[in-house]
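Hints in hand, dock the two standalone chains.
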Amino acid sequence: MDILVCIKRVPDTAENEISVNSSGSDIERDDLVYSVNEWDNYAVEEAIQIRDKVGGSVTVVAVGDSESEDVLRREMAMGADKGILLSDDAFEGSDGKGLATILKAEIAKGKYDLILTGAQADDGAGQVGGMLAAMLDLPFASLVNLIEASDDKKIKIGREIAGGQQEISEIDLPCVLSIQTGINEPRYVGIRGIRKVASVEIPVRGASDLGLNQDSIGAAAAKVSRVDYFTPVLGKGAEILEGSIDEKVDKLVELLKSKGGIK
Amino acid sequence: MAFQIFAYILHKDGAVDDTAGEMVAAAKKIDPAASITAIVVGSKIDSVCNSLTASFKEVWKIDNDALSYPNSEVIRGLLAGIIPKGNILLVPHDHFGMDLSPGLSVKLDGAYLPDAIDFDGVDGGKLKAVRQEFSGQVSTHVLCDISGGAVITTRPGSFAAEAGAAGGSVVDKTADALAGGMPGGKRRFVEVIEAEMGDVDITKSDILVSIGRGIGEQENIEITEELAKAMGGDLSCSRPIIDAKWLEKSRQVGTSGKTVKPKVYMALGISGSFQHLGGIKGSPFMVAINKNPNAPIFQIADIGIVEDLLEFVPVLTEKINESK
Ligand SMILES: Cc1cc2nc3c(=O)[nH]c(=O)nc-3n(C[C@H](O)[C@H](O)[C@H](O)COP(=O)(O)OP(=O)(O)OC[C@H]3O[C@@H](n4cnc5c(N)ncnc54)[C@H](O)[C@@H]3O)c2cc1C
Ligand SMILES: Cc1cc2nc3c(=O)[nH]c(=O)nc-3n(C[C@H](O)[C@H](O)[C@H](O)COP(=O)(O)OP(=O)(O)OC[C@H]3O[C@@H](n4cnc5c(N)ncnc54)[C@H](O)[C@@H]3O)c2cc1C
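Chains as they are written, first to last, in the numbering used here: chain V, 20 to 282; chain L, 513 to 836.
So here's chain L without its partners, still in its complex pose (with noise of 0.2 Å):
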């Protein structure tokens, strides 16, 4: 085919993001012959480009002291500088994809295709790709003409990560990307300020009982506490709950907030986007409660309960009680 792929790579303290393999394969979910180039920014990142011509055939460095921090406003410079226009640029769909991409497609005047979890190769110039839309509720073909390139994001966690055509080399683009000067300064970036710790570190419990916008109102959080009591747990939450300030933000699960690794997580009233669900880790036995019978939580779960939980939680609180 006629088109080069990129990826953008996101790594942290020297580490590679997963993220790194998974676009690995979702390239060759695009183009099964495709020779893959891995984009590099950053400060002092030698080992971290090293490390990546592993699975990667050529390996794009761009490394200076004022890149040590990734500010995507500096580095949407950078690429639309030296990508050539009419090729396609994989980047990872999180904080830094969203900030960083939907203009550099405009930079680099390709199509735009965001928070893509699958390929189904390419026709006649066009991808078809998966999306979901609302939340995970459904989801959705899409046809992306490629043929003038294209920036697209991949989902983190959508891909089998896999490694790619091992023995490739490193290339210093650093002279070329800083050409025209440092890009990007009208935003500067000051200091990342870290999360506040609560009065519980749900990070550690073994059992959660979580719960989301289901929930309705305020006053029936009660209810919920009083089931993670009885079941020796403590209580999370999806973001809304957050949002409307009813619990405290440490006890928020997903990728804007924290990594659980439970035993056993019981999903209240939570519809199951990405974003909560990447929160989640160590597969847990997972019970979800909703009155939804589409609810893309009961995808993910092992038991699903088709049901206002209002309405079943005080039943099961006074069951597990009397058990004891």
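With the rest of the complex left out, here is chain V (with noise of 0.2 Å):
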């Protein structure tokens, strides 16, 4: 099975605190470390195994500026096969239709049996699977969290619905999936796996290589803009307990006890 996984680089929240910088243009980016999204982490994993199983290919696709061939080379070390970069000047403020259609130029030059995304990135937008594959005219299915794939016609999936409920679905290749966390155990990669291929080639590929041009992707075809950053007021706030260690801990106890949370 020739399997493409779109992988998009973010800041690691795991690692950096996000805050809002001092004109609400955009979050504070100095220091900030980088990684692959959390979701398409996964979806490579499974990938990679489903490869590792039946055949085929993995290859791993990203728009972005050129840091993101660093991510592109850290799922290559896990096991993809190959890296693409879809980068160019147009491509900035690019919509997530933007986006899915910049990929889709890309995918409608290969010939792939599964596409993979996440289900969501670091806009908590999830948004660019399910256009891709409405793009495409492919079926989807969002929020994955088992893929079987028996034969090459159609495969099983369950999707992850509500309160730990599952969904099975038979789905027909080819097909769009996008993949929520859980569904394994991506594996680690070291320094050394990196290193490994640290030498292979990416190719690049810009607008005109895909046959773009500025109607439907980049900031003037973009139909969804942001205006600015500003820090959530949710509720009312907590009371923040100030204080040492030993006199926040007696405070709270002495809460607790009042709110039944000692038994």
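Hints may be right or wrong, so weigh each one.
Stated by the list, open to error - Far from chain L by the CB rule (all over 12 Å, computed), these chain V residues:
| id | residue |
| --- | --- |
| 1 | A96 |
| 2 | G129 |
| 3 | D170 |
Stated by the list, open to error - For the chain V half of the interface with chain L, some residues (derived, Cβ under 10 Å), not all of them:
| id | residue |
| --- | --- |
| 4 | A124 |
| 5 | D142 |
| 6 | M154 |
| 7 | L162 |
| 8 | K278 |
No lab work stands behind these hints, which were simulated from the structure alone.
Just so you know, even glycine gets a beta-carbon here, dropped at the ideal spot from N, CA and C.
Structure below.
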């Protein structure tokens, strides 16, 4: 099975505290550590496991600037066979649809049986996979937490729905699936693994290679655009306990006792 | 305004989901004068449709035996056939909305605005909305060009439910929707597998000590188990702990886990994503311990403690045990 996995380079929230910059135009990007979107890492692991079972290939593709090469290499170190970088100034400011349009153009140049995305990325949008499927006229399923590849015409999938339930379906190939975390346990990639793929060439394609023009991509075509960032105010806000650890603990024990928090 | 607003209604076992009233409120924030049309898809849904006429001017019914389970691949095709282009469709941002909506926006040639939590009116063909990014750590104002129509998903629980213009009527759109046959045959629903029962039922616990990714390593869970024991409560967790297989799935709190209603909820190293908070009901007394003073959980909790939980928890456990 030939599998394509779309991956996005994002700030690693396990490593960073995300805050708004002073002008509210962006998040504070100094000192941010970037990595591959958590969901995409599960998608790549799943693709590798399927390939190892039934044969075929795994290609990873990212839309981004040259720094996205690092995340492509990381996933190739995991075991992906090939990486492709889609990069062009003309792509900047694309909204979700613009992004799906760029990916679609690349996908149309190859032949894939299975296209995987993450269920969502840092924006929490969860849009690219479903759009891609609709643009390619392929069946789609989101939040997939089980794949059983049995034959080359159709596969069995599970979707995570409410309350820990799992919805089982059969879906025809080729199809687009968005992958939910927890579907597998992504393997660890060490520095040595990354070194091994350090010199593998990663082809870079731009708008003209993909036959795209500004009507469908970039800021001009975007129907959704960000105005500013701000720090959310959701509730009344917690009472923050002050003092030394011991002082906070004493106060908290008292509060917990009064609220029935200690049996 | 030149557009109409449609709301996709979730329902289960004959009951309308809370998000129906929330979308009425959301629609009014987009256009206070909007007349809102509900769309209900399913099988044997007359009573659902009738109950909605209290809050919607018009209720579109698509009723067919083959629609008893909501397969979004099928429903997307039906909606693309009957919703006129250039209008707005609201869909709740849950597992079904995420499945249906991005592709539907492509089929309807409209914009897609995912997971909106608030609206601030329309100006010059652009809808101003509020979204969150990075699991709620930052918010953004976004502008969405709705001049060519839009599919918008709204976050469940973000809008205070409202009753709309009462006295509506039901319009049967089944024949229109099925004029081209039943779509979506490439993804066939098989069954729903129920969640596994675990060793403890956290939905019955009065006191929950809940751990998140901030616990860092599996070995550290022990100190929180000791705290739970000292408090006489049970251990629960956020999703990353389940993904790492450190605890059983039955201990996950959230929209894709359990809905809990404890009296006291201790959130340790949990950032406070809406999917996590969506599983906590009944306004418990909530204590958050997090080393990031800007963690969204501090906006929801009653008491906040900005500390490294690995340092704080053992001291807390010791004090509780001493005080008994
Ligand atoms: C409301 C809104 C407003 C925005 N405004 C702007 C703006 O004004 N300017 C701007 O520059 N950007 C903007 N963006 C961000 C930009 O459009 C995103 O790159 C785009 O939306 C796709 O990323 P996502 O996080 O939404 O993807 P999601 O749909 O959440 O991600 C799902 C999956 O899609 C795939 N995917 C996503 N992005 C990529 C990628 N780059 N390469 C390969 N695969 C990918 C991955 O598999 C990922 O797991 C905005 C996003 C949103 C939601
Ligand atoms: C469709 C869907 C359904 C989902 N369903 C659920 C669900 O049911 N339940 C759920 O929980 N999530 C769910 N999620 C995932 C959710 O979006 C978040 O990713 C998740 O809740 C984050 O978990 P967390 O707060 O533990 O981790 P993070 O967001 O990574 O937060 C970790 C926190 O720990 C703090 N921290 C780190 N180290 C320490 C320390 N030493 N001491 C104190 N604090 C520390 C950090 O400051 C941070 O705030 C779902 C996602 C999707 C897309």
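Verification of the supplied hints:
| no. | hint | in the structure |
| --- | --- | --- |
| 1 | A96 | holds (21 Å) |
| 2 | G129 | holds (20 Å) |
| 3 | D170 | holds (15 Å) |
| 4 | A124 | violated (15 Å) |
| 5 | D142 | holds (5 Å) |
| 6 | M154 | holds (6 Å) |
| 7 | L162 | holds (6 Å) |
| 8 | K278 | holds (4 Å) |
Consistency with the previously given hints fails for number 4 only.
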